[in-house]
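Going down the list, the sequences are from chains A and B. Mapping of the first sequence onto my numbering: residues 1 to 466, in sequence order. Mapping of the second sequence onto my numbering: residues 1 to 602, in sequence order.
Bear in mind the hints are in silico, worked out from the structure with no lab data behind them. Any given hint might turn out to be false.
Reference listing, derived: stretches of chain B covered by chain A, where coverage requires no fewer than 3 residues with Cβ under 8 Å from a Cβ of chain A [said to hold, decoys possible]: (1) 45-59; (2) 93-99; (3) 111-122; (4) 190-198; (5) 258-272; (6) 345-356; (7) 447-454.
Cut-off 20 Å, straight-line C-alpha distance, at most; resulting in silico cross-link-like pairs (SDA-like, lysine to any residue) [stated by the list, open to error]: (8) A:Lys447 with B:Ser552; (9) A:Lys82 with A:Lys55; (10) A:Lys357 with B:Ser552; (11) A:Lys23 with B:Asn10.
Where a beta carbon is used, it is the ideal one built from N, C-alpha and C, also for glycine.
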Amino acid sequence: MTKESSIVYRTVSDVRGPLLIVKHTHNVGYNEVVKIRSPSGEMLTGTVLETGRGKAVIQVFEGTRGLDADKTAVRFTGDTLKLPVSTEILGRVLDGSGNPLDKGPPLTAEDHRDINGSPINPYARQYPRQPIQTGLSVIDGLNTLVRGQKLPIFSGSGLPHNRIAAQIVRQAEIPGEKSDFAIVFAAMGITATEAQFFMNSFEETGALEHTALFLNLANDPAIERIITPRAALTAAEYLAYEADLHVLVILTDMTNYAEALREISAARSEVPGRRGYPCYLYTDFSMIYERAGRIRGRKGTVTQMPILSMPQDDMTHPIPDLSGYITEGQMIVARDLHRRGIYPPIDPGPSLSRLMKEGIGKGMTRFDHKELQAQLYYGYSEGRDFRDLVTVVGAEALTDRDQKYLAFADRFEQEFINQGDHENRSFEETLDLGWNLLSEFPERELKRCDTKTIGWARERGVYAYS
Amino acid sequence: MKPDIGYIENIAGPVIKAGGLPSARMYEVVRVGKEQLIGEVIEVGEHFCIIQCYEETSGIAPGEPVAATGDTLSVELGPGLLGAIYDGLQRPLPELKEISGDFISRGLTVEGLDKEKKWKFTPVVKVGANVVPGDIIGEVPETGIITSKIMIPRGIEGEIVEIVAKGEHTVVETICKVKDMHNTVHEVIMMQKTPVRIGRAFKERVAFDTPLLTGQRVIDTFMPLAKGGTGGIPGGFGTGKTVTLHQFAKWADAQVVVYVGCGERGNEMTEALEEWPKLNDPQSGKPLMDRTVLIANTSNMPVAAREASIYVGVTIAEYFRDQGFDVALMADSTSRWAEALREISGRLGQLPSEEGYPAYLGSRLAQFYERGGRVKPLGSDDRLGSITICGAVSPPGGDFSEPVTQATLRIVKVFWALDKDLAARRFFPAINVLTSYSLYHITLEQWHKENLGPDWPELVRDSLALLQKDQELREIVQLVGPDALPESERAVLEAARMIKEDFLTQSALHEIDTYCPIGKTYRMLRTIVKFSRQMAAAVKLGVSVRRILEFSVLDSIARMKTIPWDSYEGTIDAIDDRIDREFQSLFTEPDGSGVLMPGVVE
Ligand SMILES: Nc1ncnc2c1ncn2[C@@H]1O[C@H](COP(=O)(O)OP(=O)(O)OP(=O)(O)O)[C@@H](O)[C@H]1O
Ligand SMILES: [Mg+2]
Numbered sequence: 001m002t003k004e005s006s007i008v009y010r011t012v013s014d015v016r017g018p019l020l021i022v023k024h025t026h027n028v029g030y031n032e033v034v035k036i037r038s039p040s041g042e043m044l045t046g047t048v049l050e051t052g053r054g055k056a057v058i059q060v061f062e063g064t065r066g067l068d069a070d071k072t073a074v075r076f077t078g079d080t081l082k083l084p085v086s087t088e089i090l091g092r093v094l095d096g097s098g099n100p101l102d103k104g105p106p107l108t109a110e111d112h113r114d115i116n117g118s119p120i121n122p123y124a125r126q127y128p129r130q131p132i133q134t135g136l137s138v139i140d141g142l143n144t145l146v147r148g149q150k151l152p153i154f155s156g157s158g159l160p161h162n163r164i165a166a167q168i169v170r171q172a173e174i175p176g177e178k179s180d181f182a183i184v185f186a187a188m189g190i191t192a193t194e195a196q197f198f199m200n201s202f203e204e205t206g207a208l209e210h211t212a213l214f215l216n217l218a219n220d221p222a223i224e225r226i227i228t229p230r231a232a233l234t235a236a237e238y239l240a241y242e243a244d245l246h247v248l249v250i251l252t253d254m255t256n257y258a259e260a261l262r263e264i265s266a267a268r269s270e271v272p273g274r275r276g277y278p279c280y281l282y283t284d285f286s287m288i289y290e291r292a293g294r295i296r297g298r299k300g301t302v303t304q305m306p307i308l309s310m311p312q313d314d315m316t317h318p319i320p321d322l323s324g325y326i327t328e329g330q331m332i333v334a335r336d337l338h339r340r341g342i343y344p345p346i347d348p349g350p351s352l353s354r355l356m357k358e359g360i361g362k363g364m365t366r367f368d369h370k371e372l373q374a375q376l377y378y379g380y381s382e383g384r385d386f387r388d389l390v391t392v393v394g395a396e397a398l399t400d401r402d403q404k405y406l407a408f409a410d411r412f413e414q415e416f417i418n419q420g421d422h423e424n425r426s427f428e429e430t431l432d433l434g435w436n437l438l439s440e441f442p443e444r445e446l447k448r449c450d451t452k453t454i455g456w457a458r459e460r461g462v463y464a465y466s
Numbered sequence: 001m002k003p004d005i006g007y008i009e010n011i012a013g014p015v016i017k018a019g020g021l022p023s024a025r026m027y028e029v030v031r032v033g034k035e036q037l038i039g040e041v042i043e044v045g046e047h048f049c050i051i052q053c054y055e056e057t058s059g060i061a062p063g064e065p066v067a068a069t070g071d072t073l074s075v076e077l078g079p080g081l082l083g084a085i086y087d088g089l090q091r092p093l094p095e096l097k098e099i100s101g102d103f104i105s106r107g108l109t110v111e112g113l114d115k116e117k118k119w120k121f122t123p124v125v126k127v128g129a130n131v132v133p134g135d136i137i138g139e140v141p142e143t144g145i146i147t148s149k150i151m152i153p154r155g156i157e158g159e160i161v162e163i164v165a166k167g168e169h170t171v172v173e174t175i176c177k178v179k180d181m182h183n184t185v186h187e188v189i190m191m192q193k194t195p196v197r198i199g200r201a202f203k204e205r206v207a208f209d210t211p212l213l214t215g216q217r218v219i220d221t222f223m224p225l226a227k228g229g230t231g232g233i234p235g236g237f238g239t240g241k242t243v244t245l246h247q248f249a250k251w252a253d254a255q256v257v258v259y260v261g262c263g264e265r266g267n268e269m270t271e272a273l274e275e276w277p278k279l280n281d282p283q284s285g286k287p288l289m290d291r292t293v294l295i296a297n298t299s300n301m302p303v304a305a306r307e308a309s310i311y312v313g314v315t316i317a318e319y320f321r322d323q324g325f326d327v328a329l330m331a332d333s334t335s336r337w338a339e340a341l342r343e344i345s346g347r348l349g350q351l352p353s354e355e356g357y358p359a360y361l362g363s364r365l366a367q368f369y370e371r372g373g374r375v376k377p378l379g380s381d382d383r384l385g386s387i388t389i390c391g392a393v394s395p396p397g398g399d400f401s402e403p404v405t406q407a408t409l410r411i412v413k414v415f416w417a418l419d420k421d422l423a424a425r426r427f428f429p430a431i432n433v434l435t436s437y438s439l440y441h442i443t444l445e446q447w448h449k450e451n452l453g454p455d456w457p458e459l460v461r462d463s464l465a466l467l468q469k470d471q472e473l474r475e476i477v478q479l480v481g482p483d484a485l486p487e488s489e490r491a492v493l494e495a496a497r498m499i500k501e502d503f504l505t506q507s508a509l510h511e512i513d514t515y516c517p518i519g520k521t522y523r524m525l526r527t528i529v530k531f532s533r534q535m536a537a538a539v540k541l542g543v544s545v546r547r548i549l550e551f552s553v554l555d556s557i558a559r560m561k562t563i564p565w566d567s568y569e570g571t572i573d574a575i576d577d578r579i580d581r582e583f584q585s586l587f588t589e590p591d592g593s594g595v596l597m598p599g600v601v602e
């Protein structure tokens, strides 16, 4: 695919938004990398979005400010975008395209990999089954994260998603296993303060030297955000599948990424989909999210935790909506829990981990996990229903049974969901805590649990209804 | 035929404009660029034609060659399909892995069927017999479950002049020779090649009369599917489309299952691949994979191949239908397929209709579902075959008013509405009984009465009425609190709670409850309705609901779900007896709720 092209074109015919249209091109490849020299001598990078005989449409990552039709020079490199990869990328700080930002040397390369990656053959995948203990009960107990999963955090402005993500990174482990891990952190359009928060948090736990940071901050070129997650995942795939590491990838904020995509789409006058986002947003997202996983016969894994902010806390907005259709569940950071001072304010109702079913139970977390989880869900949603009712008819109108559920929902939030920033609960602790809260209910109320399981919990002393 | 060679004029993503191919026909397969990527002609103009490319087009440049092949997109049909996993173009994924490793690269050519493998062929016709297309000339025990029938392909008709003896053959060896009326001799091989975009011919459609039993209580009871019917299952993300379709694939009493993962997650296909070979079909006791064909074109695989995958799947299903099997086809998700149409259409600059979808969305969807049905396949005998189609729909924002859901609802006869609130409560399957429907109740009534019991329609009607009433009462409770309800209405709430908790919820993850034989479904429903009737009668006589809720038989009712598949009869008989006894006891040992006359309760 490589061709040496030294022809420099000065035939820009049009500059439109982030796009550059070059005429009289000769057989330029689709998606090929383009080097652009602005009239003031600045070097910019782009890729080819459409190519025909004698014409190419280019998206410019840095934006087109300062480009003109007269002096701007364009060179087609004959190659698609590649990232030099090696384990030495760990500990480095790079820009959103993967160029060093720190004072370190240029990246060494074991290999140069196309940042778009290739789809994993579903036949080569191995189903993720190893539970990760995050130390947060609301996740571990109700929606367990599994190695190789893509589990996003859906949040909103002003909510503590970064704190949650940082705590997960700090605490995540597979109990009883010391394994080699790495973090790949891709920032897209977040503020320098937010980025610094993460870096401090990584530093605090000594994780920084296991971390590769790709930073495209709020004041960096917007279009570059299209490559940032791809470059980061290319590094992650190398670290996982070639260097046998368990890689946790944090992508934040996917909303900014989607906005960059929308900008390109609008500039190309494409038929817009919902809210002006391109019709292919689903497919585009999937090219990122599907790069999580586990491959048969390879030791490392890629686990993804994308963070995205929902405009107006609206879960039906195309960004969270399409993400939810691709990822293997979602963690919903809820404003009402946050307002009531519950941390982490993750709402169990709409949150989901689809891979948990295979990752919990006997031999993984504990045999009673599935039944207990179902019972806790039942209790909490019953209780919340009564909460709504009480506001209308008053607590006196409720039966004894209903009162119990009402009280349960409160304790569940205060004691189970709520925990400290530095409180790290084991699976055992989380599950025992769940039983403890269920002690308010007689056995026959616990229809989601087997009688034998309840007997076991009673014997263990964690379930104590009398 | 010497293929034409043209050149690439323009490239934008998967859409390629090519010139120099004057003889290109619609839907002809072409090879694009130096790497010979697979593409298909989707528009023919005077000087140029438009090609959708089934593989990633990065790095391909204008001027590169485009070669016509003269073929249309086709699949290879014959022994070897069962147990296979293909991509959207019928390329076997294990072979792709062999060639290109764990990641799928492009320009790979692999054929759908193994041409080396030998199959045990047993002829069922003799020399001298007259055959027409569709006639079965032999059998191949393909897997432990399915014996494939080898049929005379279309276009061949006449007298058998030669047929091999029982023995082992590959799918491309001549097994039979047929002399037609012009004395031309045609060679017949086991493999057939069929274009995917038009349905395989059959003699006629036949009426439905049998349910496709899914082993899922809520579905088999309240919105049953007929063998040959069509159903749509729309729902927002995480509401249970995939789990439900996987449940169908695992437990439905179809003979052959074709599962198309169309633009969905890689891990879901992996899950099927890892799990299904280990599960046994409850009917035959053989591994489920032996009756299954998987098509996996995940969301990150090229979008044009996603569009094709649905047709590849349904054509394979038709092939088994033509052999006389009952086939179930699951497509997860038809919305992703519709989006592929939209994406290609958008790149072609076609005038969009609603939400950017092309104007032909509805007709394409209808054409797809029309390929389902129960038919008399070609051939001189009167065998029947069916394809039942179930499609998942993924409406943006979970809003059913969007075009794909609406277009689907106009076509399918069964509608399973998934409910976000139920899913958030982990009430699974999260199917809303009151908004879902099946138009097959009447069609299937005969079957249900004969095979379950004459009271089935009544049980279904009564329990549905309870659920309906429950919904209304709940609205009242929201306004005035439960205290305001009279005892008789509290009894309704409790009966509805039993139906929901003890009957409707069914965990796909529970070893036993994951599948419920229809006989067990019937007995469970009968028992719960029986209880609710006796409760209503007792309450009418002045017994308090609270008193009835103390019955110990309620625990046993709640645990009926987990009674093993083969021994439920006796256990449920015993529960029925206990219900009678406990209600009886109300009257023989009068308590504070009033002295009652014995014998008033049924
Ligand atoms: N019958 C069931 N029993 C137990 N759990 C279920 C059942 N149905 C759904 N679930 C739970 O709901 C989760 C989501 O279901 P599923 O993956 O089928 O959703 P979906 O509708 O296909 O979503 P998407 O559109 O995002 O693919 C499952 O991972 C499982 O935890
Ligand atoms: Mg799904």
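Open item on the list: Under the constraints set out in the numbered hints, which ones does this structure not fulfil?
Closed with: Violated hints (numbers, rising): 3, 4, 7, 9 and 10; every other hint is consistent with the structure.
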